[in-house]
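Peer 1: Sequence:
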Amino acid sequence: MKRTIPIKGDKLISPQEIGSQLDVIEEVSLKDERTAKKFFPMIKERLLSINKWGDISKMKLSTFKLMDENGNPVSRKARVGDYIRIDIPGPGPKSGNGFDWVRIEDIITEEGDRKQAVTMRVRPAQNPQQSNAENADTAHFFSELATSTFSVIRFGRHIYAEEHGRNEVVNSLTSNKLDKIRNKLVGLAATLGFSYPQWKSLVKGLIQIPQHGTE
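Every letter in the sequence shown is one number past the one before it in the numbering used here, and letter 196, counting from 1, is 196.
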């Protein structure tokens, strides 16, 4: 069900101008607001724990690794300026050392009695493990025009998890011919909906209620 309650983080969802877009939304309703408030910190933790996204989604089509601004692996919550290294099935781009890369551009947190939210936007980026002089190509099958915005939201007893893809255009501006072919094939598959199961599984996992409940 589409969310009708606005949050501050909505401004991070890029206007759709070119290419394809994707909206994936999941909702869960707890028995009362007190229970939802108690559950929400766990959901925030899941969103910002990038290294656990594969386990959270339970559909390991891709693996995600949080890297700092210099491309070094880190084990902590995501921060603005960090990178996410993505390993998807099949060959990866040479420009990314075999991986796709996105940079975390912004994170907005909203805290209130009735409403809480965390929103994070990422964008395809260069490989931070290489200098600009070595490689100026965007290391992703989508161009740097594309963004993905992830949100977890609590309003009253209702909790939402969302992914919004915007301006999803195949990355053809790469100097490597094999990367160009690879990006076209993977990017086309993504725009045709093949990325939907991955994000659907992730947003469902973000708000999954533990077997022991929330009490």
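Keep in mind that the hints were calculated from the coordinates and are not lab data. All values derive from a computational prediction rather than experimental measurement. It cannot be assumed that every hint is accurate.
What the hints assert, rightly or not - Calculated lysine-lysine pairs in the DSBU-like style (CA-CA distance at most 35 Å, straight line): (1) 94 to 38; (2) 58 to 37; (3) 200 to 65.
Peer 1: Holds or violated: residue 94 and residue 38, Cα atoms, limit 35 Å.
Peer 2: 44 Å, violated
Peer 1: Given the proposed pairing of residue 200 with residue 65, does the C-alpha separation stay at or below 35 Å?
Peer 2: 19 Å, holds
Peer 1: For the pair we were handed, residue 58 and residue 37, check the Cα-Cα distance against 35 Å.
Peer 2: This hinted pair holds, its Cα atoms lying about 25 Å apart.
In summary, the one numbered hint that this structure violates is 1.
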